[in-house]
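Protein chains in written order, with the working numbering: chain X, 1 to 659; chain E, 1001 to 1257; chain A, 2001 to 2143.
In case anyone wonders, no lab produced these hints; they're calculated from the structure.
One or more of the hints may lead you astray.
[Stated by the list, open to error] With a straight-line Cα cutoff of 25 Å, these simulated SDA-like cross-link-like pairs (lysine to any residue) come out:
#, chain 1, residue 1, chain 2, residue 2
1, E, K1088, E, F1115
2, X, K533, X, L545
3, E, K1140, A, P2121
4, A, K2091, E, L1095
5, E, K1088, A, H2126
6, E, K1088, A, S2096
7, E, K1088, X, Y638
[Unchecked claim] Partial list, derived from the structure: chain A residues whose beta carbon lies under 7 Å from chain E:
#, residue
8, A2070
9, Y2087
10, T2089
For glycine and all other residues, C-beta sits at the position ideal for the given N, C-alpha and C.
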Amino acid sequence: MLDFPLLILIPLLPLAACVLTALLGPRFLKQQSHLLCIGAAIGSCLISIWLLATVSRAGAHAAHSYYNWIQIAEGHPDAVDIGFRLQADGLTSVMLTMITFVGTLIAVYSVGYMHGDEGYPRFFAVFALFLFSMTGLVLANNFVILYAFWEGVGLCSYLLIGFWFNKPAAAAAARKAFLVTRLGDVGLLLGILLIWFTYLGQLDFEYVFHNAHAVPASTLTIICLLLFCGAVGKSAQFPLHVWLPDAMEGPTPVSALIHAATMVTAGVYLVARCTPLFVLAPTAQAVVALIGGVTALLAALIALTQNDLKRVLAYSTISQLGYMFMALGSATAATSRALVGVAATAAIFHLFTHAFYKALLFLGAGSVMHAMGNVIDMRRFSGLRKVMPTTHWTFLCGALSLAGFPLFAGFWSKDEILSTTLAASKGGHTYSSLYLILFLSGLLTAGLTAFYTFRAYFKTFWGPEKIPHEAGHHAHESPRVMTVPLMILAVCAVGIGFVNAEPFTHLFHDHLERIPLVREVALEMGEEVAVSKPLVMSLSIAMALGGIGMAYLFYRKRPELAPELARRYQGLYQLSFNKFHFDEIYYFFIVRPVLALAEASRIGDLYLVDKIVDLIGTAPMMVGRAFRPIQNGLVQFYGLAMAMGAAGFLIALMWRYAW
Amino acid sequence: MSLLLGSFGIGAGWSWIIPLVLAFAAVYTLLPRPRPYPPVLGGLAAGCALLSGGAFLIRTGAVDKEMFLFAAFSGISVIAAANMITQKNPVHAALSFVLVVLGTCGLFLLQGAPFLMAATMIVYAGAIIVTFAFVIMMAKQHGRSDADDRSREPFLSSAAGFFLLGAILYAIPETSLPAGTGAPDPLPAHRWGVSPYSQIRGATLDRAPDLPAENAAYLGRALFTDYLVSVELGGTLLLVATIGSILITARRREANR
Amino acid sequence: MTPLNLLHNYLVVGAILFALGMVGFLARRNMILMFLCSEMMLQGVALNLVAFSRYHGNLQGQVFTLFIIAVAACEAGLALALVFMLYRTRKSLDVSLWQDIREVGEPPIADGEPLPAPPEPQGFPHLIPSGREPSKPQEAGHA
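Please put together the full structure from these sequences, using the hints given.
Here it is in structure tokens:
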């Protein structure tokens, strides 16, 4: 347990930047509002790197309690003890570094992308607020503070998706995102309440994880499933994935930061942080893995036919998140101690690399959109590799990484995940066949991923040069402030995988495995399970190259094949193109009844409640109208009224005293 | 009055209500109306009221000098008052008021306040009523007018007035004042308040003070020592009232021109 | 007569004067008569005060009465001036004409039955001047 006094600064610097930008931005800073935000992001990034170095060197865990918020009835079963306590171990430090580094680069990119926008100060204020919430989320040391920051990131997501709130589509998308994640948050809250109830008022991570084995398995399963609900909502897994594609209505840097690198990974962080709970509930883990696998395949199938470049990337994000949950679900207790550590590591490693290359892809798409005059439909432009060379090369790096091309970052992490899933299917326990099916579906999804990624790449950057008329004179390479972050991210997308390129380097694994709790849990498990690494590697390389080859065939060599195939299998094509009709189903079964209920309430309010209130209002009026004739303007009548009043008073007095 | 009532001996002393009710009926019928009740009804009721009231007063004890004077003066006052409020002609009503004032002045004299009697007669009957009469004659109504021939709410106003009177008449005997001797109250211990100048020397209730003329002297001394500020203020008030009434009438006259 | 009864007698007379004055004030519609009745109420009060002055054996009541007279005089002067101004505006001394300070929307209170017409002046027979011959037979029928 070491003390890192600057821990509070990591969330506080962006918060200060947010407040100052909000106060000073609109009047004084205006188009210079990015300075505070970028400064805060760089500050947080430097402190995070220092924290990473400290934690990895000492191999320990920094924690600090800043404020005792609620402390009621200690020792009593209904006790509540919530304090603003932050902690930083290996997992947190890695996530902090990733968040702040990618955040800084995206902030610099936004200076160019959002240039001239009216809401420029507002954008950077909410951006800084988001950095505050996200860093706070990963730094939290108990469930309530985590939940508070969870809501914070949800709020910032709403504010940023609906940034151009005058556009009805953007406002609707923001609302949809907020409401759908809300559904997940309800589950999370119930989970936290159940933890409070089970653990007799303690909500700190350390206490909960240390005493996990004392809790009955059924309760633990329910807790884990409820916590996973929150993750499903926030990380856009089936069935709550419908908000993420619509969230592309927001500005592209927002999509890059929130919906690729950071916010949607909050769910993965939560499940990873609660690994000590999940390993003791194999059913819950099976559910996690299953939903992850289903989501991965589902999203990949939908991405095959989308024409909007950002939508393709959104669905690929959903798909990759599904991979991460698949890995987390494979950290099952029944197999081996090493597997627990390896699986959790694989998921976080994939999260880490995914952040870089997905952010890169989104920023590249933004660059294309910026040049094409806000047109992002791939059918309307092509052959951009000569027009925008830097964007083209960086996008290619990101695409290769996403597809899992050998030696790129995505290759190593995807590989890890597939091998843990295969390992989980061995061991002869209850769900082993499930994990085998998941492994096979993961392979298929890898191939589909490579296909649709390069479909997008070829459609955008190859082919005859076609520029939409909205581009005007914009159709040139983006300014340096936008291309330099792209280049930095491209370098990361290529090289970052080497920190954990199993079986050659194990930096990540070693770092994360030093999390004391994971190590403790892992020690109680059985023996090592052997997985044939070369087998998995060759299979995944085959799928990746196969996917890329198919894309090349369909969109470069023989472009007439694709429409032909679509026409032949019209039913399947339509199913994929319409996102499997999820939106329509939800609208029919959920949204419409709620709207009907709202309408009924409105009519009830208008005709029932309002009328009652009016009635209550008219009662004094009636009373007043009854008393009005007393004021008739005649002086003698007033005098008479006074005399009668005196007479009444006298009666009262005499009654009281004289009788 | 309690002795009077008690000596009548019937029941719990409620018989004094009879002249009250008769007087109420008399005043109610006599108040001006467009189509008046025959005055004989009101007159009859008034006569009965006076007779029954007189019966009360005379029933007990012998009528001595003071009592007789008291009865005479108060009778004049009450009858004139009743006439004033039921009279249609405003000039007659003003003259009835003069009679009321004369009766009250007599009562003042009986109480040993000769100066007040003189002052009231001169100021009230001499000045105020005369002014009233002037204005009545200036604001002459020709023939029948709403102002004189109608009453506003005769029943309710009579009822209110007589109910009030009944309550006071009921309450007066219930008061428990210690028996007064007419001798001066002892002076209070504190510094402010009345000085010995306010006390009537040698006065008891059975007889008037030694020299009635001393009343004026005492009154003067008390006014200019204990109540000096009030006197000055009263003078100022009179001045202001004079200026005020001239101003009210004068300005409008010029505006009317 | 014990001293207390004497005091009570005077109080009773004062109360009667006061009550009659109040009835007159509330009932009569002639503005001047209303003020006259209020003066009568003041008389009743003065009688009350003088009685108590005698009862307590000091001059406080009489002094108070003097001031009441002074104030009554001022009040009468000012009141008559105002009444005269009101008379000038409406040419009538009826207080019921002044009803404007009533609730908005309420109708003014009007009198119910009309005043009966004044009796016609008795016409004296129209005699022809003596000594003159009636000029036409119709003129004789005029009487």
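Results for each hint:
1. K1088(E) x F1115(E): Violated, because 34 Å separates the two Cα atoms, which is more than 25 Å.
2. K533(X) x L545(X): The given pair, whose Cα atoms are some 18 Å apart, holds under the 25 Å limit.
3. K1140(E) x P2121(A): holds, 20 Å
4. K2091(A) x L1095(E): The given pair, whose Cα atoms are some 24 Å apart, holds under the 25 Å limit.
5. K1088(E) x H2126(A): Judged against 25 Å, a Cα distance of about 34 Å means the pair is violated.
6. K1088(E) x S2096(A): Cα-Cα ~17 Å, so holds.
7. K1088(E) x Y638(X): Given pair K1088(E), Y638(X) holds - Cα atoms ~23 Å apart, limit 25 Å.
8. A2070: holds, 5 Å
9. Y2087: holds, 5 Å
10. T2089: Status violated, d = 9 Å.
The structure fails hints 1, 5 and 10 (numbered hints given earlier, in ascending order).
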